[in-house]
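S.K.: What follows is the residue order along each chain.
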Amino acid sequence: DAKTTQPNSMESNEEEPVHLPCNHSTISGTDYIHWYRQLPSQGPEYVIHGLTSNVNNRMASLAIAEDRKSSTLILHRATLRDAAVYYCILRDSGGGADGLTFGKGTHLIIQP
Amino acid sequence: EAGVAQSPRYKIIEKRQSVAFWCNPISGHATLYWYQQILGQGPKLLIQFQNNGVVDDSQLPKDRFSAERLKGVDSTLKIQPAKLEDSAVYLCASSFRGTGELFFGEGSRLTVL
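Protein chains in written order, with this note's numbering: chain W, 1 to 112; chain Y, 1001 to 1113.
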């Protein structure tokens, strides 16, 4: 799997938007960009994924650069419950062995 | 919908002992994964099953780790003999199909003394 680069940690205030960046300069044409998050003492949970176009769901938005070498996960209005480690992962759509390769992620701290 | 079930939640053993973890995936999910998460790191894939066949076990330390999914439903991960560096959370995940969203269990925390 291609490598991603994320900041180790970020801090934001409650009820403000949060923009979590991810660089993936070696992304291939068949790689989807996936985001998962891991709350304390829990397993990771799916947040969102996309290929080329920006994506929105009830949890977040994903903005993908035109050249696909970077992306940004947007939490529109952070709550204390959003404090977690956020992982940006590239996943080949070709099938077969496709287990996610996690990096260290970004530790998001939310201040009340 | 019931989530991915794992047991035990916590296990403490001495080095050189053996341990087994059990996982029951979401009903109908053909793909099952085992991950190892050491404190402060992201999860690392150990093995991936598609039904009862192994798709990827390239990062499984086969001298001491084994996993099976005999009937294509629940799965067991075994460590024998355990080493200190095996202390970690062992996460099981499942997906409806290989490229779908992964659903993770809460994990089994292993401490090796």
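Worth double-checking, as some hints may not be accurate.
Stated by the list, open to error - If you only want the chain Y side, here are some residues facing chain W, beta carbon under 7 Å, derived:
1. Gly1105
2. Glu1106
3. Leu1110
None of these hints come from the bench; they were simulated from the model. Idealized CB from N, CA, C, for every residue including glycine.
S.K.: All hints, please: hold or fail.
M.R.: Here's how the hints hold up against the structure:
For the restraint placing Y/Gly1105 at the interface with chain W, the shortest Cβ-Cβ distance is roughly 6 Å, inside the 7 Å limit, so the hint holds. Residue-level restraint check for Y/Glu1106 holds (minimum Cβ-Cβ distance to chain W is 6 Å; threshold 7 Å). With a cut of 7 Å, the hint placing Y/Leu1110 at the interface with chain W is violated, because the nearest CB-to-CB distance is about 15 Å.
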